[in-house]
Structure formats: structure tokens, C-alpha cells
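Colleague: Please model the entire structure based on the sequences and the hints provided.
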Amino acid sequence: MSDVRHPTLRAQAIWGERRAGGTDVMDRLHHGRIAAPIVDLRDVPGLDGVGPAPGGGLRVGSAVRLAELAADERVRAGWPALADAAGGLANPQIRNVATFGGSLLQRTRCAWFRSPDFRCYKAGGTGCPAAGVDHPWHAPLSTGPCVAPHPSTLALALLAFDAKVEIEPRGLIEVAALYGDGMAAGAEHTVTEEELLVAAILPPPRPGAVSGWFRVASRGRAEWPLVEVILHLAPGFARVAVGGMHSVPARVPELEAALLAGAPLDPVVATLAASAPHASTSTRTKFPQLARAVEIVVARLGGVPAALPAPSFAPPAVPAPATPAPRGRR
Amino acid sequence: MRQPEPVPSPIGAYARKIDGRERIAGRAQFVADLTVPRMAHAKFVRSPHPHARIVAIHLDAALALPGVFGACIGEELPKRYGVIPVAQDETALALGKVRYIGEPVVCIAAVDEETAHRACAAVRVDYEVLPPVLTIEDALDASKPVIHDYARKPSNVLRRVHQAYGNVDAGFAAAEVVIEEEYVYPGSTHAALESHAALAQVEPDGKLTLWSSTQNPHYVHRDVARVLGLREQDVRLIKPAVGAGYGGKCDPFCTDICSAYLARKLGRPVRIVLEREEVFYAHRGRHPTRLWLKMGFSAAGDITAIDFKAWADGGAYASYGVVTSYYLGVFMTLPYRVENYRFESHRLYTNKPPCGPKRGHGAIQPRFALEAHLDKAAARLGLDPAELRRRNCIEPNTETCNGLRVTSVGIRECIDAVVKASGYETRRGTLGPGRGLGLAASAYMCGALHPVYQNEMPHSAVQVKIDRSGEVVVSAGTADIGQGSNHMLAGLVAAELGLHPEDIRVIEGDTSLTPVDLGSYSSRVTFMAGNAALAGVRPLRAKIVEAVAAKLGCAPEEVRFGLAGHPERGDGPRVGTETSDVSWVDAVWLAEERFGPLIHAGGYTPPKIGSRFRRQSVGPSPAYSFTAQVAEVAVDEETGEVRVEKVWVAHDCGRVLNLAIVEGQIEGCVYMGVGEAVSEEQAYDKGLIRAPSLLEYKVPTIHECPEIVVFPVESHDPEGPLGAKEAGEGPQLSTVPAIANAIHDATGLWLNDPPFTPEKVLRALDRRRRSGGR
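Protein chains in written order, with our numbering: chain P, 111 to 440; chain A, 57 to 830.
Over the 12 angstroms line for every Cβ pair with chain P, so calculated as not near, a few chain A residues: (1) Tyr70; (2) Ile140; (3) Pro201; (4) His204; (5) Val240; (6) Arg287; (7) Leu439; (8) Glu512; (9) Glu527; (10) Arg594; (11) Pro653; (12) His656; (13) Gly828.
Below, computed lysine to any residue pairings styled on SDA-like, alpha-carbon distance capped at 25 angstroms: (14) A:Lys664 with A:Pro141; (15) A:Lys742 with P:Ala389; (16) A:Lys816 with P:Arg394; (17) A:Lys816 with P:Arg219; (18) A:Lys200 with A:Val217; (19) A:Lys742 with P:Gly296; (20) A:Lys816 with P:His388; (21) A:Lys816 with P:Ala384.
Derived coverage of chain A by chain P (criterion: at least 3 residues anywhere in the stretch with Cβ under 8 angstroms from a Cβ of chain P; other residues may be distant): (22) 691-704; (23) 740-750; (24) 813-824.
No lab work stands behind these hints, which were simulated from the structure alone. Heads up, the beta-carbon is just placed ideally off N, CA and C, and yes, glycines get one too.
Modeller: And the structure:
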């Protein structure tokens with residue numbers, strides 16, 4: 111067993127591979143992708159709990175379990191897409207131990223990164239051995255050397271809700287700053303060994319806002335998505351955060367503008383596809399899937415909220431419940 | 057007063073497995089649960105290259121670490137092995153060359169797994185990298201490097217099989233409709249819950265005991281002894297509880313051979329338990345296969361000819377690949393009548409983990425092509441697909457054009473059952489866009505007629521011992537891997553003796569204590585070991601009958617077993633007549649007094665079925681099982697997602713011995729088929745496994761598993777044990793084509809390359825849109 115420390119003070123919970131639920135860290139341990147001693151966060155105070163933030167928002171501690179997040183009535187009422195996503199990703203076993211912070215800071219799932227025998231760019235080496243291979247598990251819109259999609263679904267929710275994250279000692283930062291541009295070598299985020307992710311702060315719900323989550327996957331559950339979207343819509347306001355397409359969690363402003371303008375989405379995704387740096391035969395299908403996923407969420411939310419022009423496309427007839435049915439994907 | 061009921065026959069009942077409780081309670085002992093004093097733990101250094109020459113191996117740094125006991129490399133174990141004698145090309149550790157990413161190169165034993173891991177990381181191996189052979193096209197390209205370059209006739213084609221029966225060209229000439237198409241079937245792996253594991257210990261007398269998680273104790277026993285240069289009689293192989301195999305544990309593995317070798321070399325027991333990622337490297341899964349199929353049909357829908365070619369991408373070693381090359385072709389003459397048939401198959405070497413036998417071995421891929429073809433033909437001919445199949449079904453007691461002797465046949469009953477239950481004939485084509493029904497049928501074997509190594513000995517032997525305590529002990533070399541062969545043996549013996557299956561003690565899978573059985577593969581165990589068990593118990597039953605008849609003064613034919621007991625005497629089942637009887641224990645006493653020890657071993661040797669075709673040595677079976685199924689799917693044309701909603705499956709298993717096990721096996725087959733149809737694929741990026749974990753390798757979860765409605769069909773095979781055949785593999789054959797045909801009903805798309813993932817469905821829809829389709 112690797113060296114494991116159990117600090118009891120936040121200031122000590124640095125210098126090492128931080129472990130909360132351990133669902134990713136223990137997996138990486140097998141593959142030789144844990145270089146430092148493990149710093150277990152179990153006894154570190156102040157990381158748990160969901161509670162009010164100043165100004166009517168919500169503070170979600172980084173050690174909150176995904177299952178707790180999904181079940182929290184305040185989250186369900188004010189930021190439903192976050193609850194849906196937390197309750198829909200992975201499987202019940204993982205959701206019961208994996209944490210919010212762990213979901214945000216998990217490492218890439220790429221087989222080249224996970225194999226102990228290779229040192230790709232994200233493992234501290236150079237280059238991307240996965241580039242040039244054609245399969246749908248790549249991120250066609252990646253701008254960095256790594257072509258793997260960023261694995262965090264909950265980061266999309268934070269982007270869609272304009273949340274901020276609290277990093278000690280750096281302070282409150284934007285989600286975009288948490289992830290950078292995807293060019294970072296050896297990491298998927300910017301949290302250094304001297305820093306600790308403490309919480310995320312969600313701003314108060316906007317009047318008339320609705321939000322939803324949808325993913326396209328080749329297995330209904332316990333799966334990373336091919337494409338997923340989190341939409342946060344209010345009168346005159348749209349956020350579309352997209353997973354499975356980029357090497358960092360990202361919003362797609364072109365889709366947001368199209369929703370606000372009531373414009374059709376297919377030309378938008380076609381334009382994205384045309385200029386996608388890593389488009390291949392297999393990843394090209396992700397663009398129409400992206401448009402459909404956005405349309406499905408819009409339809410589920412009852413359309414783009416009033417005071418906006420109605421969308422020009424016909425919402426597909428998907429009268430699906432917001433919570434997953436006991437069996438089936440929607 | 058008697059108890060109201062005699063002992064009910066266990067045959068056909070829905071019964072809990074005799075060893076079910078210990079598994080559910082977590083008490084069953086798997087290799088990873090076994091520890092012995094001074095035991096070392098070993099780990100492997102594996103190849104990072106798909107194809108490379110080993111220049112040097114530097115072990116010094118690893119061996120210098122505290123807690124490291126020792127290591128071994130390929131040169132220490134140079135004898136090539138493999139279950140199929142004509143294709144022994146494997147060594148436990150790479151010898152001279154590595155042939156796939158993940159191939160074991162060094163095995164290191166240490167005080168614990170962590171230390172062994174650390175030692176592996178300290179090993180340096182120098183390689184001279186060679187160009188890899190990664191695809192079927194590469195393997196067929198003579199300009200590419202040869203993977204097994206030491207062979208007498210070096211080639212990346214392990215085996216080519218070519219067979220022709222009847223007059224194929226005349227069959228096509230007589231056809232009204234000829235359909236010719238290519239299919240690509242993906243590779244997939246077994247994903248058994250328990251990983252491969254072995255524990256080896258040298259006994260005080262110098263003999264070796266090896267506990268192995270295996271389906272085939274007999275073959276592992278042979279190869280371990282051969283590679284280590286030991287007499288087989290000095291090796292004892294014990295198969296403890298095994299957490300499934302599905303074909304993935306049919307070969308001897310590096311775990312078996314390295315633990316045995318290191319235990320002798322280091323003088324201490326060695327245990328090796330593979331991690332999940334390593335199980336993907338051990339593989340032996342479904343061969344990715346390219347298929348070309350041409351079929352002719354008369355206007356009425358009779359099959360006039362089949363011409364078929366297959367290229368199977370086998371990975372770096374032969375495993376059972378020679379057998380695969382035959383299985384790809386021989387079952388295409390079932391369950392439909394065809395007089396003119398030709399096939400050519402190739403089993404190829406590539407620089408990837410070796411493929412081998414996965415549930416439905418070799419027959420899954422061509423069955424997908426054939427059944428998809430039949431629906432295409434029905435569409436062209438304007439016939440109902442069920443009717444097309446029915447009119448071509450073979451009859452019982454026939455011989456196929458390629459010399460397969462077929463006894464019992466329940467295929468029509470299977471088709472009728474699922475067509476009726478699913479409403480196929482009225483609902484197909486009416487469910488609206490995005491929803492559809494598909495039908496497919498299939499046939500499979502019940503064990504191979506010929507053993508993998510040439511001999512005339514029984515394929516199965518079962519010893520039954522009954523002693524004066526009343527205990528019945530059944531000993532068999534069978535390997536229960538969760539499929540229920542222990543219960544099968546207990547049930548058959550209990551039925552003969554009027555006892556409950558729980559009253560029978562089964563000892564199995566121990567080469568020193570139990571007679572030889574060839575193992576759990578080819579769906580052979582129920583048929584062969586079941587017959588051997590009946591042959592073992594029936595002479596003992598006859599002795600008990602004679603002794604009891606003499607005691608009671610009745611005719612032997614009047615003696616019944618399992619009579620109701622007398623509660624006031626506190627005894628169990630009784631033996632005798634309606635008017636007088638003795639207790640079970642007394643009956644055994646009487647027999648032992650009269651005849652001496654009550655021990656008998658029965659054997660099963662398949663019948664000598666002469667075929668018109670000498671070359672037909674792989675494929676013939678003493679009996680065949682039959683399946684039909686209807687799948688109902690929902691296809692989301694927006695996202696491309698395919699959801700299998702419900703499957704009706706009817707399987708002719710000959711006779712149901714335990715309904716719970718038969719249903720469980722059939723459901724398991726359908727479940728595995730659903731995975732291969734919609735999500736599973738053992739895919740590679742430049743030789744690296746793309747999904748080396750159960751998070752990324754997409755076996756369906758409970759949410760993706762459809763509702764499965766099972767209809768057992770009983771055709772009572774004349775040679776099966778009490779009429780039984782098999783239920784463990786055959787039902788999987790028709791699942792994927794039923795789903796493919798259902799997708800066609802839902803969308804109008806013919807998809808020829810499973811798994812039917814969202815991006816493939818969308819691409820097909822897009823192609824159709826651009827070509828002006830609906």
C-alpha cells in the first residue's frame with residue numbers, strides 16, 4: 111500500500127494526491143498514476159455540507175457525496191440540472207462514495223493515460239498517442255495536445271450556473287480558471303499541490319429559470335457520455351455546457367446564441383464540425399447528437415422560457431420525466 | 057402413518073442449486089481466498105509493445121529490493137504449450153519476442169503484492185521494436201512481418217479450412233434470389249466476475265499441488281506437467297469455487313505455469329491473482345471476424361445454396377483457434393435444410409491478446425450473418441421471416457449435407473413459441489417508427505464428438521460411492537464454474553435413488569480425487585458427465601433393488617425408491633413396495649452385505665458416428681440444441697441509441713433437469729448477446745486495449761438488460777441423460793441477429809456490424825438521408 115496520510119487540518123491537506131471518495135484515485139493507484147503520497151481528506155474539517163451562501167446562493171462542500179447532492183431538496187429546487195446530473199452519472203455504488211470535489215478533479219479516462227506502460231502528455235510525458243485513432247471516445251473540439259474528453263459532468267453544471275469555486279489559499283475563482291485551457295501538462299485542472307478545493311458557490315436561481323441535463327451514451331448507466339449537455343435557461347439568458355466534445359469542460363456560446371435567437375441548431379453544429387481540430391469519421395456523429403441533445407433538453411423544459419422568440423425547430427416529441435425511470439434511459 | 061408425499065423427483069423442478077447458498081453467503085472459497093503459510097505473491101512485468109524483440113532483461117534492481125523472493129523469465133520455461141496439440145505456440149512468459157501489449161515478460165514473487173508491484177516497476181527490458189500486424193488485412197499481407205517466425209512454414213495464417221458439399225454453383229443457378237453481403241462481427245471479452253488466479257505449493261513429498269481458477273482442470277493439469285517437465289501423476293490440480301469463465305478460463309494461463317514454476321524454484325508457495333486490467337490481456341474472447349455470405353433462395357423461399365467465407369482476427373497465439381476455424385463454418389447447415397454448402401475460413405495471427413472460445417465459440421459470428429441474411433431474403437421474396445425459417449427447418453433424425461448426425465430437433469416448437477408469445481406475425485411492422493421486432497433462430501452443439509487430443513478413452517467419468525452411513529458421494533472431474541454442473545450431477549443421481557439433491561455430496565475438479573472429465577466447454581458437461589453419472593449410479597441402484605427385493609420377498613421390478621418416510625421413526629425416504637419397505641440406510645446395508653462395497657464409476661464415450669466425410673472431425677456432436685428468439689427494440693433516431701426492451705426466447709434443451717438453472721443460463725446468454733449487440737467491443741488503439749476496465753468495457757448493467765421471457769422446449773434427446781441436451785451457450789447465438797432484425801423493423805436500416813452503437817446508427821441514418829431514403 112502506498113503511503114497514506116490522514117491530516118486533520120486543512121492547512122495540512124496538501125502536498126500529495128488528495129483522496130476523498132477514492133473512486134478515481136484507487137483506480138489510478140493500480141496503474142502507477144499516483145506519484146505522491148496519498149493525502150486522505152476524510153478527517154479534514156469544513157469540506158462537507160450543502161448550505162446557503164451569502165446573497166441567496168448555495169455553497170456545496172467538496173466532500174459532499176454525489177448521492178447526497180442528488181437528493182438535496184435545495185439543490186433539486188434551485189439548481190435541478192446539478193441534482194439530475196449528480197444522480198444520473200456513474201452508478202449507485204460510486205455515487206454513494208464519490209464526492210463532488212472528486213468529480214470535478216478526476217483524471218482523464220483515456221486508455222493511454224491509464225496504461226502504466228505509457229507516459230502521454232497528461233501523464234507527464236510528451237505527445238498524445240491516442241491522436242489519429244478513429245473512435246467516438248475522442249473530443250473533436252479539443253484544442254490541446256490531448257484528445258480525450260474531460261470526464262467531469264458536474265463541472266458542466268457549474269459552468270451552466272456561473273458558479274465559482276473556492277480554492278485555498280487562492281480564493282474564489284471562476285470555473286474556467288479551475289480548468290484553464292486544457293493545455294496543462296500532467297493535469298486536467300489548475301489546482302496545485304499547495305492548494306485545496308474547498309467548495310463551489312452557486313449564485314441564486316434566476317427568476318423563471320429552468321435547467322436540465324441529458325447525455326447520449328452507448329450504455330445507459332455507469333458510463334461516460336459520448337455527448338452530454340447541461341442547459342440553464344431563463345428569459346433572455348442561456349447557458350449550454352457541453353461534455354464529451356472538449357478536453358476541458360466548456361460552454362458552447364454559438365449554441366447559446368442560437369437558442370436566444372430561436373435559430374436552428376443544425377447549422378451551428380455543422381459549423382463547429384467543419385472547424386473541429388480532431389474531427390474523425392467516428393467523432394463527426396457527435397455533432398448531430400449534440401444538436402439533438404440540446405433540443406431534447408429544451409423540449410423537456412417546455413421550450414425556451416417565455417419572453418424569448420420561440421425556437422424555429424420543432425421540438426422532438428420526447429415527453430420524458432425529469433427523473434430517470436426505474437429502467438430505461440429516459 | 058406415512059408422510060403425505062413421497063420424495064418428489066428433482067427432474068424438471070425449479071430448485072435452488074445445492075451449492076447456491078455458500079455462494080450467496082460469501083462462503084465459497086475462490087483461489088484469492090486461499091492462503092497457505094509462507095505464501096509469496098507474484099506479479100508480471102508486461103510488454104508495452106505490440107511487437108518487439110526482447111534484447112535484454114535487467115532484473116538486478118528488482119531482485120535487490122527487500123521482500124523480493126525471486127523471478128522467472130521466458131527462457132526458463134521454453135516449452136511451448138496449448139490445449140490443441142497441433143497448435144502449441146504459447147509460453148507463459150514471452151520468449152525472445154513480445155507479440156502483444158500486455159504480454160507477460162517477467163514474473164516476480166515477493167512478500168506481498170505491493171512489493172511485487174514495486175519490483176516489477178524496477179525491471180528494465182530492452183526491446184527492438186518491430187512493425188506490428190494489427191488487422192485482418194495486415195495478417196493476410198505477405199509483406200508484413202510474421203508473428204511466429206520460428207515456425208516451419210512461417211505465416212500469419214494459423215489455419216485455413218475449406219469444405220464443400222453438394223453442388224453449390226448449381227444451387228445458385230437454380231435460385232430465384234441470390235443475396236451476397238459482407239458482415240463484420242466485433243471482438244468481445246467474457247468479463248467473468250472472478251479474475252484468473254492460481255496458487256501452487258510443493259508438498260513435503262516433492263509433488264506439486266496447484267489450485268487454479270479454471271474451466272478445464274484436465275487440460276491445465278496436462279500442460280502444467282509438460283511445461284515443468286513433471287510426471288502428470290506428480291501434479292495435483294484442484295479447482296476450487298470459480299467465479300465463471302464463459303470460455304475465458306479454458307486455457308492454461310501464465311498464472312498456472314508461473315506459480316507452479318516459482319513455487320518449485322523458490323521453495324515456497326506462490327499465489328498469483330490477476331487484476332482486472334490483466335484479465336483483458338489474458339482475453340481468449342470472441343474473434344473479431346469479417347464475413348462474406350452468399351445465399352440462394354427459390355421463389356418459395358427454400359435455401360438452394362450457401363457460400364460463405366470468414367476471416368477471424370485471432371490475436372497473437374493460437375489458443376483454440378484451430379477449432380474456431382471449423383466452428384465458423386460447420387454449424388451453418390443447422391437448423392435449416394441446405395444441400396449445397398461451401399465455406400472457407402481463416403484464423404489469423406495479429407499482435408493483440410489472443411482470442412479463443414467465448415460462449416457460442418465460433419458459431420456466433422456466422423449465425424449473425426446467416427440470420428440477418430434470412431430476413432433480407434424474406435423481404436426480397438415478400439415472405440414472412442418466420443414462415444421462411446419454418447419451411448427450411450430440418451426434421452429430427454436427419455443428417456446434414458456436411459455429415460452432422462442430428463437426433464432430436466425442437467426448432468419448430470421454438471419458433472412457434474416465440475412468434476406466438478411476442479405477437480410477431482401481427483405486431484411486426486406495425487410498432488411505428490423507432491420500434492421493431494426481430495426474429496432469429498439457431499442451433500448449437502452438446503459437446504464435441506472427438507477429443508482435442510487423439511485417444512479412445514471416455515470423455516467423462518463419474519464415480520458414485522454409497523456407504524453404510526447412507527451417504528452418497530459423487531466424484532467427477534467436472535468443473536462447476538457457476539453454471540450448475542454440481543447440481544446437475546446431484547440431481548440425476550438423486551432422481552435414480554429417490555433422494556433429494558441436497559442429500560448428495562459432490563466432489564469435483566480435483567485430478568487426484570476425481571476421475572477425468574474433459575472440462576466445462578463446448579456445452580458438453582450435462583450431456584457427457586450427466587450420462588456418466590447415470591452409468592455410475594444405475595448398477596448400484598440395481599444392487600440395492602436386488603438386495604431389498606430379497607429381503608422383502610418381492611420381485612425386483614416392484615421395488616420403488618423415494619417412498620414416503622414414517623415420521624414417528626424419524627427416518628427419511630424409504631425403499632420397497634406399497635406394502636413393505638426398509639429405510640434408505642437399511643437398504644444400503646442390505647446391498648453392502650450382499651455385494652460388498654457400493655462403489656461404481658460410469659463413463660461416457662460419444663458414439664462412433666461414421667461420417668461420409670473424413671475431414672469432418674471438428675463440429676460433429678452427439679446432439680444439437682435449438683433456439684429461436686424475438687427481440688423488441690426501441691431506436692432513438694435522434695441520438696442513435698438502441699434499447700432492447702424485451703426478448704422472448706425458446707430453447708430446445710432436450711429435457712429440463714433444473715428449471716431454475718436452465719432459465720438462468722438462457723437469460724445469461726441473452727444478456728451477453730445484448731451486450732455484444734449494443735455496447736460491448738474489445739477494441740484496440742494501435743494494439744492498446746481501449747477499455748481495460750469494467751467501467752469502460754461496456755457490459756450492460758441491469759438497466760440495459762431487457763425483460764427476458766424464457767420458454768424451455770423439451771425434445772427428449774434419445775441419447776441425452778434423461779433426454780437432456782444443453783442450455784449454456786446455444787441460446788446466445790440468435791440474440792444479436794434478432795436484435796439486428798428488430799432494428800431493421802424499427803428503422804428500415806440493415807446494420808451489418810455490431811455493436812449497434814449510437815454513432816453507427818446515426819451514421820447509417822445519415823447515409824440513408826443523403827442517398828434520398830426516408
